[in-house]
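J.: Sequence:
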Amino acid sequence: MELPVASDVHLAAYRPRHPLSVANGKATPGGIDESGYYQSYGDGSSVASRGSDALTGYETLDAPPHYDFYANTEVWGRRRRFRPSLYQLHANPEDDCRPPLYEETTGGLGDTSEEDEDEQKEPPPEPPRFGWVQGVMIRCMLNIWGVILYLRLPWITAQAGIGLTWVIILLSSCITGITGLSTSAIATNGKVKGGGTYFLISRSLGPELGGSIGLIFAFANAVAVAMHTVGFAETVTDLMRENGAVMVDRINDIRIIGIITVTCLLAVSMAGMAWESKAQILFFLVIMVSFASYIVGTIIPSTPQKQAKGFFSYKADIFAANFVPNWRGQEGSFFGMFSIFFPSATGILAGANISGDLKNPTVAIPRGTLGSIFFTTLSYLIISATIGSCVVRDASGVLNDTLSPSSAIEGCVGTACLFGWDFSECINNKTCKYGISNYYQSMSMVSAFAPLITAGIFGATLSSALACLVSAPKVFQCLCKDKLYPFIGFFGKGYGKNDEPLRSYLLTYIIAACFILIAELNTIAPIISNFFLCSYTLINFSCFHASITNSPGWRPSFKFYSKWLSLLGSVVCVVIMFLLTWWAALIAFGVVLILLGYTLYKRPAVNWGSSVQASSYNIALNQCVGLNMVEDHVKNYRPQCLVLTGPPSSRPALVDLVSCFTKNLSLMMCANVVSAGPSPSAVEKSSNNNHVSWLNQRKIKSFYGGVVATELRSGVNMLLQGAGLGRIRPNVLLMGFKKDWRSDTPQAAHNYIGILHDAFDLQYGVCVLRIREGLDVSRPSQSHVNPGFEEGPENINTISAPPRIKTSTTSTVSIEPEPQPSTAFQKKQGKKTIDVYWLSDDGGLTLLLPYLLTRRKRWGRCKVRVFVGGDIDKKEEQREEVLALIRKFRLGFEDVEVLPDIYQNPQPGNVHQFENMVGHFRLDTNPKQDSDSGPPGQQEEPWMITDQDLERNKAKSLRQIRLNEVLQDYSREAALIVITMPVGRRGVCPSTLYLGWLDFLSRDLRPPVLMVRGNQENVLTFYCQ
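First residue of the sequence shown? That's 748 in our numbering, and the numbers climb one at a time after it.
No lab work stands behind these hints: they were computed from the structure.
No residue lacks a Cβ here, since even glycine has one placed at the ideal position from N, Cα and C.
Hints may be right or wrong, so weigh each one.
[As the list claims (entries may be wrong)] Derived lysine to any residue pairs resembling SDA-like cross-links, with alpha carbons at most 20 Å apart:
{"id": "1", "residue 1": "Lys1177", "residue 2": "Asn1147"}
{"id": "2", "residue 1": "Lys1228", "residue 2": "Pro1351"}
{"id": "3", "residue 1": "Lys1349", "residue 2": "Lys940"}
{"id": "4", "residue 1": "Lys1701", "residue 2": "Asp1671"}
{"id": "5", "residue 1": "Lys940", "residue 2": "Gly1239"}
{"id": "6", "residue 1": "Lys1610", "residue 2": "Gln1715"}
{"id": "7", "residue 1": "Lys1230", "residue 2": "Arg1250"}
{"id": "8", "residue 1": "Lys1177", "residue 2": "Phe1196"}
{"id": "9", "residue 1": "Lys1446", "residue 2": "Asn1436"}
{"id": "10", "residue 1": "Lys1240", "residue 2": "Cys1261"}
{"id": "11", "residue 1": "Lys1062", "residue 2": "Ile1047"}
{"id": "12", "residue 1": "Lys1446", "residue 2": "Cys1407"}
{"id": "13", "residue 1": "Lys940", "residue 2": "Gly1236"}
{"id": "14", "residue 1": "Lys1180", "residue 2": "Glu989"}
{"id": "15", "residue 1": "Lys1228", "residue 2": "Leu962"}
{"id": "16", "residue 1": "Lys1610", "residue 2": "Leu1630"}
{"id": "17", "residue 1": "Lys1635", "residue 2": "Arg1385"}
{"id": "18", "residue 1": "Lys1635", "residue 2": "Val1381"}
{"id": "19", "residue 1": "Lys1622", "residue 2": "Gln1695"}
[Claimed, not checked] Distance ranges between label pairs, derived from CB positions:
{"id": "20", "residue 1": "Leu1264", "residue 2": "Leu1032", "range": "47 to 53 Å"}
{"id": "21", "residue 1": "Val1160", "residue 2": "Ile1334", "range": "42 to 48 Å"}
{"id": "22", "residue 1": "Leu1128", "residue 2": "Ile1028", "range": "23 to 29 Å"}
{"id": "23", "residue 1": "Pro1051", "residue 2": "Gly1158", "range": "20 to 26 Å"}
{"id": "24", "residue 1": "Gly1469", "residue 2": "Ala1571", "range": "30 to 36 Å"}
Build out the structure end to end from the sequences listed, making use of the hints.
T.: In structure tokens:
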């Protein structure tokens, strides 16, 4: 082959046009040229007309990589590109197979009418988006610096001592740090949308665990709003009492102030994320100033007033005394203190919870979360050490409690004695009001300017409450939109450009208000500890599970994580849950299991590519490979059925019957052969997901496989040889009887029998089902289903148009669900009989299938009757022999009857009917013509029946006619007839004669008839090894 001269061909002419930039989403002149994209398929401006008459392989239909090909969303202001299909790339260029290059997007503007053109010229306004500092780190730090920092950390230091307090802080930080690493890994494994923690867990572990933890986490955040609000109300109430202002009493004052506060916070959050973010920055600055005031206060020499309250500045003796624990009260234990402190470390997910409001969540979440954990841990350690070095545990606050020079120091109790103060009386009487063991406002007392600490308390508590008040609705809104649970969709509606969940805000407000009424901080804190620990458990387990499955889709850009560290974090969280409050841990796990069970039962129609799916694939693959190491044994034989249903919805009776003896037992695979040439429409018909959906709706545990072939027989041959995986391969072929074989073309009947011969050649057992009303219930629009499986005359060799589909603007395809007709095999059969005609030994398949049927509830009350042939003289003896053999198989069949009359000649009228049935296919031989090659036309038409064929198969023909008479006499009222199927010898019995046998054997019978022929290998045994 001679190539064109280089000067005649310019490769630049074949270069694809560069796509639009995704950065701004604006169309630029000359950016896209559809005619250029279709140069090889165009007319006037084709590549061929530019210098070459032959296609050279550089046609620009083969598009370069582009963002649009992988994105699920559209860029406003331009048309979206679609990758050409493989068929469009390799099809004949003369065919009309242009792909839809672009699809017009409206950018969420709705109707594109003329009056809206002016508004659509400008892109829709972008909602506020936050970076990693403002959106994540500051938000997480504010949520971590909550009420515990100012009001409980000095008290925890007094109880546990500085040493164990550091252990509590570092243990909490280790748990949150490991969780932060796991969160970072999950958040960087793909584009993150709104929904925060719920989104991360559900998209990683699936809807089952994700949905349950989403509800728990949203509820925990709502309760956390109450905890931080109560902390704020406590501070305000204490200030009021110091100034002599009391509304009712302390508890009711906390309730009143808490309700007013949470109402104000609700107003700020519902005003929008922009206002909420500005408020958070203000709170952050206030807290920073309060920290500075506290540090300065610890350095300034103490005044007598502060010394009376227990503050003596930095003293080694105070540090030494406060380093060891001094447990007091009911909460006086390590885990009691841990349960109270741990909620203050749970704010690490505050930034992830607003993932939908971040500019780049995959960058912001790791940086902001880990940075906030580091800085807040450092601040907790510093405050615990400084407050424990400056303030004694107990002080009276009375200026006269100084130690006089004449007083004996030996009788003085407490560390303050070393500094000239005697608090022995209040210590012994346990009436001390000050000191870090008794005074929650110790940081205010130490501070250089006490009002700044009060402002810091206000900022910390209000910012934490505000963050939780925003997080809970955002998480709950995403859960509602996924529609995993009933009755909650009402709360998922969003409002405004930022899709604010106002209804979820109100629900969170109601939950928080209910817990505010408890008005006791130490009671609320342990309640939410277990909920947050449960969330952390699943986040860490999500990271571990996604890593251990080795899924190619697990590719987080954040590499600083360890799957084993994540597993350790998950286990530690579970252990701590039970060590804190075991009954609350049981409740938390109970709620998770109930929600998990509900989701597993309902099976929501979502597919998020979770690690559970990857794990299921790994387990299934390993089990299938493991089966290759085990040889088949007759004790483990299972009828693994390849069912020629066509589209399963077209033959529901065949599907239902086979499902009765394969469900939860063995393989069932519904097969469909589309008789057509290779084309996208034919492939779509063969692999349509609608078939699998129909099986799932009918609760049929079956696989589905479809092939495209030029004819039915070749397609079935593909399935017979290629279906299955390893040891999980079909060994029984089931199909419907072709009742229209006489009106159909002789070639179709020949191919039908050819399928049986192909199955026998491949060592398959074969079953043919015939019911009086026919199997095919397909509608006219589905008449493309496999001609030859079992059809009426109206469905012969036709292929219908593609199924009706509905295409949405997001290019998703929804197919109309097929109807679910009821069949006789779905109903309870009652006390009828299953009549088994075991006339020839095929290995036992004829007996095994009825036994499997009787194990199903709907067939359980049926009595199995076994009929065998025999001599009238030895009838009872033969019966006992067969019964003894069946008993050895342990099938439970006790009703055996010997039929000597099956060997009698049939009635002449029936013989005449059979001759008329096959007479249409008789070959009219010409005795005057002599030929070595046989009668004329027999080689070209192998389905034709000669006189020699009839004579050679006369005994078998009469046998089938007589068997039909016996069936009419004995099994007219049976629920099902199972009979050994005769076998026609290839080359001796023409296909039409064989089909005539099957037709006459099963004709005019009210019960369904299942003709069974095993592969002559044992499927039953009475040995134990």
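J.: Take the hints in turn and mark each one as holding or not.
T.: The hints, checked one at a time:
1. Lys1177 / Asn1147: holds, 18 Å
2. Lys1228 / Pro1351: It holds: about 12 Å lies between the C-alpha atoms, which stays within 20 Å.
3. Lys1349 / Lys940: violated, 25 Å
4. Lys1701 / Asp1671: holds, 18 Å
5. Lys940 / Gly1239: Roughly 15 Å separates the two Cα atoms, so the pair holds.
6. Lys1610 / Gln1715: holds, 19 Å
7. Lys1230 / Arg1250: holds, 16 Å
8. Lys1177 / Phe1196: violated, 29 Å
9. Lys1446 / Asn1436: It holds: about 15 Å lies between the C-alpha atoms, which stays within 20 Å.
10. Lys1240 / Cys1261: violated, 24 Å
11. Lys1062 / Ile1047: Holds. Lys1062 to Ile1047 sits at ~13 Å (cutoff 20 Å).
12. Lys1446 / Cys1407: holds, 12 Å
13. Lys940 / Gly1236: holds, 19 Å
14. Lys1180 / Glu989: OK: Lys1180 and Glu989 at ~13 Å, within 20 Å.
15. Lys1228 / Leu962: holds, 13 Å
16. Lys1610 / Leu1630: holds, 15 Å
17. Lys1635 / Arg1385: Since the Cα atoms of Lys1635 and Arg1385 sit roughly 19 Å apart, the hinted pair holds (cutoff 20 Å).
18. Lys1635 / Val1381: holds, 15 Å
19. Lys1622 / Gln1695: violated, 36 Å
20. Leu1264 / Leu1032: 47 to 53 Å: Given range 47 to 53 Å: violated, Cβ gap about 32 Å.
21. Val1160 / Ile1334: 42 to 48 Å: holds, 43 Å
22. Leu1128 / Ile1028: 23 to 29 Å: The hinted range 23 to 29 Å holds for Leu1128 and Ile1028, with Cβ atoms some 25 Å apart.
23. Pro1051 / Gly1158: 20 to 26 Å: The hint (20 to 26 Å, Cβ to Cβ) holds, given that Pro1051 and Gly1158 are roughly 22 Å apart.
24. Gly1469 / Ala1571: 30 to 36 Å: At roughly 33 Å between Cβ atoms, Ala1571 and Gly1469 fall inside 30 to 36 Å, so the hint holds.
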